[in-house]
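Engineer: What follows is each chain in one-letter form.
There are 2 protein chains.
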Amino acid sequence: MKLSIKPYKGARDFYPEDQAIREYMFGVMKQTVKKYGYQEYDAPLIEPIELYKAKSGEEIVSEQTYSFVDRGGREVAIRPEMTPSVSRMVAAKRQELSYPLRWFSIPNLWRYERPQRGRFREHWQLNVDLFGVQSIAAELELMMVAGDIFNAFGATNEMYTIRVNHRQLLNAIFFNYLELSQDQGLGMAHLIDRRNKLEHGQFLSRMDELLTPEQKEEGLAEKILKIFDIKKLKDLPSSLQSIPASLELQKLLAACSAQGLNNIQFDISLVRGFDYYSGIVFELFDNDPENKRSMLGGGRYDGLVGLFGVEPLPTVGFGLGDATLLNFLTLHHLLPELKSPVDLIIAPVGDGETQAGATLAATELRKLGVNVAVDYSGRKLADQFKAAQKKQVNYLLIVGPKELESQKFTLRDLSQSSEVSLSLKQVAAKLKVT
Amino acid sequence: MKLSIKPYKGARDFYPEDQAIREYMFGVMKQTVKKYGYQEYDAPLIEPIELYKAKSGEEIVSEQTYSFVDRGGREVAIRPEMTPSVSRMVAAKRQELSYPLRWFSIPNLWRYERPQRGRFREHWQLNVDLFGVQSIAAELELMMVAGDIFNAFGATNEMYTIRVNHRQLLNAIFFNYLELSQDQGLGMAHLIDRRNKLEHGQFLSRMDELLTPEQKEEGLAEKILKIFDIKKLKDLPSSLQSIPASLELQKLLAACSAQGLNNIQFDISLVRGFDYYSGIVFELFDNDPENKRSMLGGGRYDGLVGLFGVEPLPTVGFGLGDATLLNFLTLHHLLPELKSPVDLIIAPVGDGETQAGATLAATELRKLGVNVAVDYSGRKLADQFKAAQKKQVNYLLIVGPKELESQKFTLRDLSQSSEVSLSLKQVAAKLKVT
Numbered sequence: 288m289k290l291s292i293k294p295y296k297g298a299r300d301f302y303p304e305d306q307a308i309r310e311y312m313f314g315v316m317k318q319t320v321k322k323y324g325y326q327e328y329d330a331p332l333i334e335p336i337e338l339y340k341a342k343s344g345e346e347i348v349s350e351q352t353y354s355f356v357d358r359g360g361r362e363v364a365i366r367p368e369m370t371p372s373v374s375r376m377v378a379a380k381r382q383e384l385s386y387p388l389r390w391f392s393i394p395n396l397w398r399y400e401r402p403q404r405g406r407f408r409e410h411w412q413l414n415v416d417l418f419g420v421q422s423i424a425a426e427l428e429l430m431m432v433a434g435d436i437f438n439a440f441g442a443t444n445e446m447y448t449i450r451v452n453h454r455q456l457l458n459a460i461f462f463n464y465l466e467l468s469q470d471q472g473l474g475m476a477h478l479i480d481r482r483n484k485l486e487h488g489q490f491l492s493r494m495d496e497l498l499t500p501e502q503k504e505e506g507l508a509e510k511i512l513k514i515f516d517i518k519k520l521k522d523l524p525s526s527l528q529s530i531p532a533s534l535e536l537q538k539l540l541a542a543c544s545a546q547g548l549n550n551i552q553f554d555i556s557l558v559r560g561f562d563y564y565s566g567i568v569f570e571l572f573d574n575d576p577e578n579k580r581s582m583l584g585g586g587r588y589d590g591l592v593g594l595f596g597v598e599p600l601p602t603v604g605f606g607l608g609d610a611t612l613l614n615f616l617t618l619h620h621l622l623p624e625l626k627s628p629v630d631l632i633i634a635p636v637g638d639g640e641t642q643a644g645a646t647l648a649a650t651e652l653r654k655l656g657v658n659v660a661v662d663y664s665g666r667k668l669a670d671q672f673k674a675a676q677k678k679q680v681n682y683l684l685i686v687g688p689k690e691l692e693s694q695k696f697t698l699r700d701l702s703q704s705s706e707v708s709l710s711l712k713q714v715a716a717k718l719k720v721t
Numbered sequence: 288m289k290l291s292i293k294p295y296k297g298a299r300d301f302y303p304e305d306q307a308i309r310e311y312m313f314g315v316m317k318q319t320v321k322k323y324g325y326q327e328y329d330a331p332l333i334e335p336i337e338l339y340k341a342k343s344g345e346e347i348v349s350e351q352t353y354s355f356v357d358r359g360g361r362e363v364a365i366r367p368e369m370t371p372s373v374s375r376m377v378a379a380k381r382q383e384l385s386y387p388l389r390w391f392s393i394p395n396l397w398r399y400e401r402p403q404r405g406r407f408r409e410h411w412q413l414n415v416d417l418f419g420v421q422s423i424a425a426e427l428e429l430m431m432v433a434g435d436i437f438n439a440f441g442a443t444n445e446m447y448t449i450r451v452n453h454r455q456l457l458n459a460i461f462f463n464y465l466e467l468s469q470d471q472g473l474g475m476a477h478l479i480d481r482r483n484k485l486e487h488g489q490f491l492s493r494m495d496e497l498l499t500p501e502q503k504e505e506g507l508a509e510k511i512l513k514i515f516d517i518k519k520l521k522d523l524p525s526s527l528q529s530i531p532a533s534l535e536l537q538k539l540l541a542a543c544s545a546q547g548l549n550n551i552q553f554d555i556s557l558v559r560g561f562d563y564y565s566g567i568v569f570e571l572f573d574n575d576p577e578n579k580r581s582m583l584g585g586g587r588y589d590g591l592v593g594l595f596g597v598e599p600l601p602t603v604g605f606g607l608g609d610a611t612l613l614n615f616l617t618l619h620h621l622l623p624e625l626k627s628p629v630d631l632i633i634a635p636v637g638d639g640e641t642q643a644g645a646t647l648a649a650t651e652l653r654k655l656g657v658n659v660a661v662d663y664s665g666r667k668l669a670d671q672f673k674a675a676q677k678k679q680v681n682y683l684l685i686v687g688p689k690e691l692e693s694q695k696f697t698l699r700d701l702s703q704s705s706e707v708s709l710s711l712k713q714v715a716a717k718l719k720v721t
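Quick note, the sequences are listed as chains A and B, same order. For the first sequence, our numbering gives the first residue as 288, with consecutive numbering after it. For the second sequence, our numbering gives the first residue as 288, with consecutive numbering after it.
It is worth saying that the hints were derived from the structure and are not from the lab. This one's a predicted model, so the numbers in the text were calculated from it and none came from an experiment. Keep in mind that a hint or two might mislead.
Put simply, identical chains are the same to the list, so a pair is met inside one copy or across any two.
[Unchecked claim] Calculated cross-link-like contacts (lysine-lysine; reagent style PhoX-like; alpha-carbon spacing at most 25 Å):
1. Lys695 to Lys521
2. Lys579 to Lys380
3. Lys380 to Lys342
4. Lys626 to Lys317
5. Lys673 to Lys289
6. Lys342 to Lys289
7. Lys380 to Lys289
8. Lys654 to Lys317
9. Lys293 to Lys538
10. Lys503 to Lys513
11. Lys717 to Lys321
12. Lys321 to Lys654
13. Lys579 to Lys513
14. Lys626 to Lys510
15. Lys321 to Lys712
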């Protein structure tokens, strides 16, 4: 039987060159969030399906989860997102934990969807959450963290924009200003969310389907189009300008500006898919029109922790996916060239006895802080050269019976094709300097 | 509806204090294997079930995998081990890759089994594999890596032993020396593998069940007991001493000794569960009788890459689980005390205006390399003190309107209850020194 060499559909193999990029990305993320005092946590990959049914949203649970029944008859899912798990963990220690609580994690998540550019069935997502802060200081901090992560990768403020909206403003628009029914409001939220994925004609006909003949006669379609074309808070109808949600948004935009965070924009069309958001929501977009998808999204979800039967807890969090971030870094030429982690390859010239001597030399060099691989293939020296070059390692150390006798070894700089004869201590000193 | 706060059975939540230990453990592992030139890779969490059916062993596939049918009708499993995935990845680039190839990964793995001490349904496992080396130089290196990892955690050679055996020696014992049938050999391998988990009486009666009346009459049970009590290669019957497997083991033991690796022992009862091992196998055991389980296991599996329809590739690898390692480190008091990654908490005294000033101060300190969290709770100063102490952070910076005016801030050392008045630059300098 011949087995397939392909990875599971929509999932990725990470060869060392891919993994090095991922590790670089995770490293920058971790360093940035730690500056703000966030601490890492992790949760099991599998959770009971109820956890997602509660608040993740209909589409995710019924169409996109990897759910199954385990051997003990429990209905479970591979996590499609981390927010329910982290809420569960905080709820479990609601009284013991000290607030404000700052937590982060970089879990892998699974969703059954059609694989496309920057969208995989398995992806990793930085999750950053701040628990216990009622004021917009929380939203402000998370937007600052989001921006700082992108800046830490070398992005400039011109490269991206954070768009912000408020769930209560949307509710006021749907149910007070437009006087939609509950079902119509949900349908409209979903439609607005997908607006820039649809052609304008498609969008209009879907909207048409949502409205009653009376509503259409009253010109509700035009009213909807007009309100969702508003670009600034001050252009909102006056009945909407004075509600708490609008005032909170104004306050947040002013606070961002006071902290020097200037690439923030009000976006009346911003919805976000999860049912649990209760206040301000935000997403970070690439300004390059080539890359239209949101890269980072989050918001306030004050009600989730309370679903576990404990006192509710104000919470703001965001998620940043690895695949969309990688697209951004590639498109803007922000990925650094990553060096081989192997400092030196030892090429033994001779039989098992020489290999044993080469191994002793390698141990010595490792103790001196050098990362050393030994070529145990037994090939000719010329072939060992070629293999080292293919691995993009800079230095090769030739070890034969003569070298072991004299304890002087030939160090070859593969980038310059030059050679010097050195003791092991000298080799270590040279490699640490360069 | 009230949701459960418990993690899925047999899986663990990692709160920041647990995650810090895990990150410490992974850090030591990574640093050690990188010294030997190993590079990190990763593979998808999910694979087609065929991948495990091929060679993982009957018990794992039919009783222990988390397998299910995906929404596209594919029969898949959450990986119970990493070796099939890494073999698939190497096979997919069999020609392009340069050998010897050194790879490692620390995946999470899932097995449906009864949770018990040091044994969970989800665990992480360091996987280290060396591809392309035919000689025992490969086994030697992996045993050196294994020992070095334990030593890097502060273990001494007296704390653990690496036991070694050879699959071909076991085959020669079962089929040539004892003249068992194929089925009897498999049953006996399984029984020998579980020997120290069974009472001696149980072991004897199970062995009895495997043998025919004729075999029992010929005294085969006694012969089996006698051979599996042998402690040294030189005590093997002469017909078994000269076979290639025994000679290879002798050579390996001598090579270990030449490299100063002295806590290696021949163990004729060592089997290892996976069907794919083809040569030398080894396991690392705690010498403390409290902790009987193997912590690390591996061996040679030259046939696995070839199952993907490419030229076979000699391979040696091992796996080291996080839970058994943590038991070892705890039992031997080797876990270091891990400090809070938060250097400083800022306590704003006053309203939103003061919090905005505190946020600007935090940004300044972060630029100077300090990890700073701001307490946005709006609580009284005394309560902010208590919260900071609970978080085990050493320093608190008090920021009020007066401090913002003068740009001199009160830094409180929470461990000594002392205070000094400093500029932000002085704060950063002080925290970096201590």
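Engineer: Output the indices of the hints that this structure fails to meet, ascending.
Structural biologist: 1, 2, 5, 9, 14
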